[in-house]
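Colleague: Those sequence lines, one after another, are chains A and B. Reminder that position 95 of the first sequence reads as 94 in numbering that gives the first Met the number 0, one-by-one numbering, no gaps. Reminder that position 260 of the second sequence reads as 259 in numbering that gives the first Met the number 0, one-by-one numbering, no gaps.
A couple of the hints might just be wrong.
Only some residues are given here: those of chain B computed to face chain A with a beta carbon under 7 angstroms [to be verified]:
no.	residue
1	Ser404
2	Gly405
3	Ala500
4	Arg529
For the record, the hints were derived by calculation from the structure and aren't laboratory data. Small disclaimer: the values here were computed from a predicted structure and weren't measured. Just so it is clear, CB atoms sit at the ideal spot from N, CA and C, and this is done for glycine as well.
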Amino acid sequence: MGVAVAAQISPAARVASDRTEEDVVAEFRQVVRSDGTRGVDLVGEVDLAVSDELLEAVRECLADADTVALDFGGVTFIDSSGIGALVLLRKEALAAGKRLGLANVGPATSRLLQMTGLEGAFDMLPEPQ
Amino acid sequence: MSGEVTELPGRGPAAVGGTVAVDATTAADGGEGGVALEAEAVGRERGRPRSGRVLWAIIALGLALTVAGTWATARADHNTEERLLDVQTRQAAAVLSTAIVSVQQPLAEVLEADQVVPPRAQPRVFTRIMGHQTGRDQQFVSASLWRTTGGTFGEREAVGKAPGLTPESPDLQAFLRHALGSDTFVVRRVEAGNQPRIAYALGDPDTGVVVYTERAIPRDGRATVDRNSAFAELNYAIYLGPTGTVGSLTTTNVDPATLPLGGETSTMRVPFGDAGLTLVTSARTHLGSPLGRWLPWMVLVAGLLLTLVGWMVARTLVRARQQAEADTSTITDLYQRVESLYGEQRALSLDLQHALLPPANPSIDGLEVAAEYVAGARGVDIGGDWYSVIEVGERHFAFVVGDVSGRGVDAVAEMAHARFTLRAYLLDGDTPEVALEKCSRQFDVARDGHIVTALVGVGDRLTGRTTLASAGHPPPVLVSDAGGGPMAEFVQVPVGPPLGAGASSYSSTCVSIPAGATMFSYTDGLVERRGEDLDVGMDRLAETVTRSASKPMGALVTDVLAAMRDDEAADDIAVLALRRSGS
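Given only the sequences and the hints, what does the whole structure look like? Please build it.
Modeller: In structure tokens, the structure reads:
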């Protein structure tokens with residue numbers, strides 16, 4: 000049930016990104032964690048170009064699970080658009096009475112969450128035993 | 000002056016970086032696209048008529064091959080027919096020659112006998128030989144024996160009917176004379192009443208004896224000889240003498256009125272006395288195999304069908320190709336339209352951004368201000384970064400640096416919403432934390448699609464005491480010189496959640512800006528780089544600001560942007576530097 004979503008880049012964005020090798024590609028895989036909870040593995044750069052895919056993947060997961068864990072283990076970069084998507088997902092989860100937690104949050108993401116005043120807004124889930 | 004709003008300039012050149020980037024992108028891509036499109040257009044121009052020519056060529060080639068094949072097979076069949084007709088005619092001539100021998104035989108017999116019997120016995124020998132060959136249903140209708148005496152021929156004996164040439168006529172005399180002087184028997188046509196006959200005469204010059212016979216020709220010239228298998232497949236006409244004129248016709252198996260024979264004929268001379276016979280034939284039916292006869296038609300029909308099929312296949316292929324070309328052209332056109340729309344959208348967003356940014360240099364007593372907005376280098380959409388500085392009351396000023404997540408016109412609109420909402424509260428005299436708290440109730444990421452970070456400060460321009468609050472925004476750098484050279488430090492502003500995350504309360508901190516010190520605020524685009532820790536970027540900022548702290552404000556901002564900006568960075572940057580005038 001793994002859903003891999005490559006970043007969809009508009010023609011114009013593709014033109015712009017043709018100039019560099021680092022084409023923005025991120026992947027969001029829906030997974031079942033070892034403790035049975037549902038989760039989405041985030042891999043790559045979570046920015047504006049992929050925020051819609053992130054929203055879609057997590058919403059799908061939230062639709063049939065009470066608790067969803069976002070695994071940040073594979074995130075190499077996240078910007079304010081990525082943070083915006085997380086804030087939106089958190090609001091939607093709360094409104095639906097569900098729980099959205101973050102796991103494997105690295106120092107860079109942690110620093111960004113701290114700087115944007117969102118340090119305490121998300122549950123930090125421990126790695127399941 | 001209270002309540003009068005003064006805001007900062009958006010310096011024109013600030014946007015130049017972004018604009019140039021757009022132009023470069025458009026030019027590079029437009030160039031390629033233009034070339035590709037041109038090539039495509041040329042291909043189309045040539046393609047259509049070429050396709051038409053290909054179709055015509057296929058038809059022409061198909062028809063040419065069909066005609067050539069039909070002609071060749073027809074020619075081959077014709078040659079075969081000619082050859083077969085010649086073969087059959089030779090066979091018929093052989094049969095005819097055999098028949099002639101049977102005519103000549105009795106005459107020669109009589110002359111041979113005459114040489115060995117006494118003259119008075121000759122008539123009796125003649126009668127015995129010719130008698131049973133002359134009469135009804137026999138070879139001859141009339142036969143007679145003549146002897147010349149003194150240049151005139153007298154009849155010695157006769158059987159059968161009277162000859163068609165009267166005995167005393169000069170014609171007969173001449174004919175007999177001619178026979179006597181001839182190596183072989185002589186032949187001529189005679190008329191006995193309505194009955195055409197062929198007269199034969201064979202003479203012996205030693206004895207002066209001539210045997211004369213007449214043979215009947217059917218009145219209509221139709222002969223019974225065609226029952227012979229050699230003639231079965233032929234129409235033929237046999238003429239006496241070397242020419243095939245009607246008057247010399249002896250026998251034929253067709254209606255004499257239809258002579259001469261039409262179509263392909265074969266002519267053969269057969270020795271017959273002194274006159275000879277001319278045998279003219281034509282094929283009654285197709286002599287060769289039926290396949291030979293039908294092959295040209297089969298080739299013709301098959302060739303036409305193949306040409307038609309080839310043309311249809313080619314037409315289908317040509318149409319498919321034209322369709323593909325049309326599709327390519329449509330896609331190219333759409334791509335270009337999308338490109339141009341993106342260009343327009345970016346230009347529109349830039350215009351909007353600059354229209355919303357502060358229009359003129361502020362003049363706030365005791366405060367130097369410099370600011371800059373730089374559009375991201377990549378992508379077409381403009382971001383929602385902004386800055387603003389306003390005067391509040393007699394001695395206070397307020398400033399905001401903010402950042403709307405996402406890009407495009409709606410991000411710019413969201414920026415305007417945040418900026419004017421905050422300004423309204425600040426003008427009203429609200430503290431930074433209260434202004435943010437009120438704002439937080441009016442923004443919702445679920446509805447707007449964006450979160451907004453903002454650093455808000457309210458300061459006293461006389462004392463330099465400044466209150467700061469932050470909604471998810473990076474902290475400002477304060478550069479001051481306490482005697483040991485410029486020192487930069489990040490102001491520890493308590494951070495609350497971004498606007499849009501839900502209603503929140505915020506705390507503030509107070510900091511004093513000494514005279515001559517500079518407070519440098521910015522959006523995250525300045526310090527954020529992919530693959531680099533955020534703190535590295537912030538340390539670089541502190542360093543750069545410290546190094547340029549003594550420069551005039553405009554130069555300071557320029558230095559910082561030059562040092563910090565990543566040419567490849569996608570994000571927008573807004574920076575705002577405030578310096579309290581020196582003591």
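Colleague: Are the hints correct? Go through all of them and say.
Modeller: Consistency of the hints with the structure:
no. : hint   : in the structure
1   : Ser404 : holds, 4 angstroms
2   : Gly405 : holds, 6 angstroms
3   : Ala500 : holds, 5 angstroms
4   : Arg529 : holds, 5 angstroms
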